[in-house]
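Colleague: Below, each chain spelled out in residue letters.
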Amino acid sequence: MTASVPTLPPAQSQALALRYDREVATRRRRVLLGIAIFIAAMATSGWMTEVDLGKLFQNIGAFGSYIVRLAHLANGEPVWTDFGEWFWGLHKWTVLLGETLIIAYLGTALGAICAFVLSFPAAINLTPSPRVRFVARRFLEFCRSVPEIVFALVFVIAFGLGPIPGVLALAIHGTGALGKLFSEIVENIDMAPVEGIRATGAGRVAVIRFAVLPQVLSGFVSYTLLRFEINVRGAAVMGFVGAGGIGQDLLEAIRKFYYSDVSAILILIIVTVMVIDIVTERIRHALTGTPS
Amino acid sequence: MNAPISLPGSARAPRPVSRLREDALRELPQLRARHADAFRRVTRNGVLGLMLTVVLLTIFIYGFAALGFSFAKMLAGLDQLGTFVVLMWPPTPGTMRRLFLFLHALGETVAIAALGTMLAACIALPFGFLAAKNVVANRIVHFLSRRMLDTVRGVDTLIWALLWVNVVGLGPFAGVLAIMCSDTGALGKLFSEAIETASRRPVEGVMSAGGSRLAAVRFGILPQVLPVFASQVLYFFESNTRSATIIGIVGAGGIGLHLSEQIRTLEWQHVAFLVILILATVAVIDTLSTRLRSAIIGARPTVV
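In order, the protein sequence lines correspond to chains A and B. So for the first sequence, numbering that gives the first Met the number 0 puts the first residue at 0; every next one is plus one. So for the second sequence, numbering that gives the first Met the number 0 puts the first residue at 0; every next one is plus one.
What the hints contain is simulated information worked out from the structure, not anything from laboratory work. Some hints could be false.
Heads up, incomplete: computed chain B residues facing chain A, CB under 8 Å, no partners named [said to hold, decoys possible]:
no., residue
1, Phe59
2, Ile60
3, Leu74
4, Phe83
5, Val85
6, Met87
7, Leu114
8, Pro201
Note that the coordinates shown come from a computational prediction; the quantities given were computed from them, not determined experimentally. Yeah, the Cβ is synthetic: ideal placement off N, Cα and C, and Gly gets one too.
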């Protein structure tokens with residue numbers, strides 16, 4: 000069998016070839032333009048942020064020696080030679096870490112409750128009134144628009160120093176972040192049960208309780224656990240603005256150059272976050288039924 | 000066919016609904032026997048759920064007590080907040096000079112976010128491949144690179160900023176390095192997950208054509224994951240613009256310095272102006288990156 004490639008008349012094929020070349024050239028130009036814009040943007044950014052590679056190279060040794068100093072006690076011995084000296088403040092730090100966890104827990108719980116209430120008016124399939132939806136959505140947006148630490152700064156001035164501003168800041172930011180996710184889950188439900196319950200003449204609360212809740216609860220809990228994880232991390236730095244928890248001590252240790260304290264507190268925070276990571280991930284996988 | 004449908008208004012309809020109920024009531028013992036599980040009042044899950052609720056509630060109440068919440072304190076605080084909100088109106092930067100100062104700081108913030116995210120993506124790329132099971136099968140390498148990424152990510156951006164301020168001094172450069180560090184951990188993890196979910200088929204195809212391992216990664220995996228990477232990096236740029244606004248609190252450049260200063264000196268009108276400025280910027284970046292993302296991934300139907 001002989002293979003025969005059908006060929007177009009030259010006039011026609013040339014037109015096509017020209018057109019192909021043009022397409023390729025346009026595409027190439029576009030990519031080059033994109034790269035040029037990107038490089039220009041990065042160069043501007045470098046100029047704006049006073050990137051000084053000379054300074055970096057000069058000081059990269061300082062970063063290395065900072066890490067080395069983190070690993071040494073005040074008397075010059077490596078930290079692992081004397082755990083008692085390294086973790087001298089273990090009792091105090093554990094208490095502060097406990098406070099951090101409680102701040103994160105309360106913040107997450109309050110945020111989740113508010114988000115739960117607001118997610119239904121913000122969902123398009125349960126709230127046909129565009130005005131209610133608009134208000135609910137804008138409110139959620141407002142809550143998550145500003146980082147929690149900014150809220151904490153404001154609340155510290157209003158409520159005084161201590162853990163209360165930290166809890167409130169996490170709660171407000173969490174309301175916004177969780178409310179959006181919750182309302183998205185609600186919008187993705189199967190509407191058949193809702194219609195079924197509504198057909199029996201049930202009210203709004205009954206519809207949510209018996210038709211919506213069974214479908215969304217596992218998703219809600221999974222996102223709330225994720226938020227708890229994030230909030231533990233956030234609560235660890237709340238102390239930077241005076242909003243309680245272990246951050247205050249960490250800030251002090253860094254500012255006063257108590258190197259071994261810095262490394263000890265950092266290790267405590269990292270271990271705590273890791274443990275919570277692992278535990279909540281297990282629970283999340285069990286809830287959503289996906290294998291870990 | 001002519002079974003009457005009873006409407007609430009029609010009085011003479013024979014109400015088939017109530018007959019249904021009578022039937023069900025008559026057959027209740029049978030139903031109970033057949034669906035024993037559905038009629039059980041006390042179930043294992045129910046008891047567990049109740050116990051969990053009690054425990055969570057106890058921690059909740061204990062937490063409120065331990066942190067010293069009180070009604071009077073809350074009321075006083077809310078009163079203060081109300082005053083602040085009133086004082087915020089109208090938002091204004093004050094003088095023209097300060098407006099330019101704020102705008103410059105805002106530009107600095109966006110630049111910190113852009114450069115930090117980009118550098119993080121560059122560092123995260125090799126680590127993403129190292130931490131992906133289907134590229135580097137060695138368990139030790141996998142475990143070590145994963146744990147390293149975890150550790151780097153576990154330290155908050157603010158803490159990284161503080162450390163870098165100690166090394167390169169106050170200023171936006173420390174902010175760039177801080178964002179770079181904390182994002183390397185997050186992006187590395189996301190990258191490795193994207194690589195792990197990539198299809199094996201193209202890799203096998205390249206291998207069967209005699210390609211090396213590197214060629215398999217370059218031509219089999221990279222084209223699959225690059226659009227995902229790009230969209231993740233864009234997303235991080237967006238969220239970093241938000242977090243870059245706060246690293247100024249510890250002196251790592253950007254608008255956060257002005258924000259915390261204005262809050263501490265109770266210049267509420269300026270605070271409101273700064274917040275609006277930040278929100279507008281984030282909204283603009285949001286729109287731009289959404290467009291860019293859809294241009295990179297190709298148009299996709301958006302789910303509303």
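Colleague: Of all the hints numbered above, which does this structure not satisfy? Sort the numbers upward.
Modeller: 2, 3, 5, 6, 8
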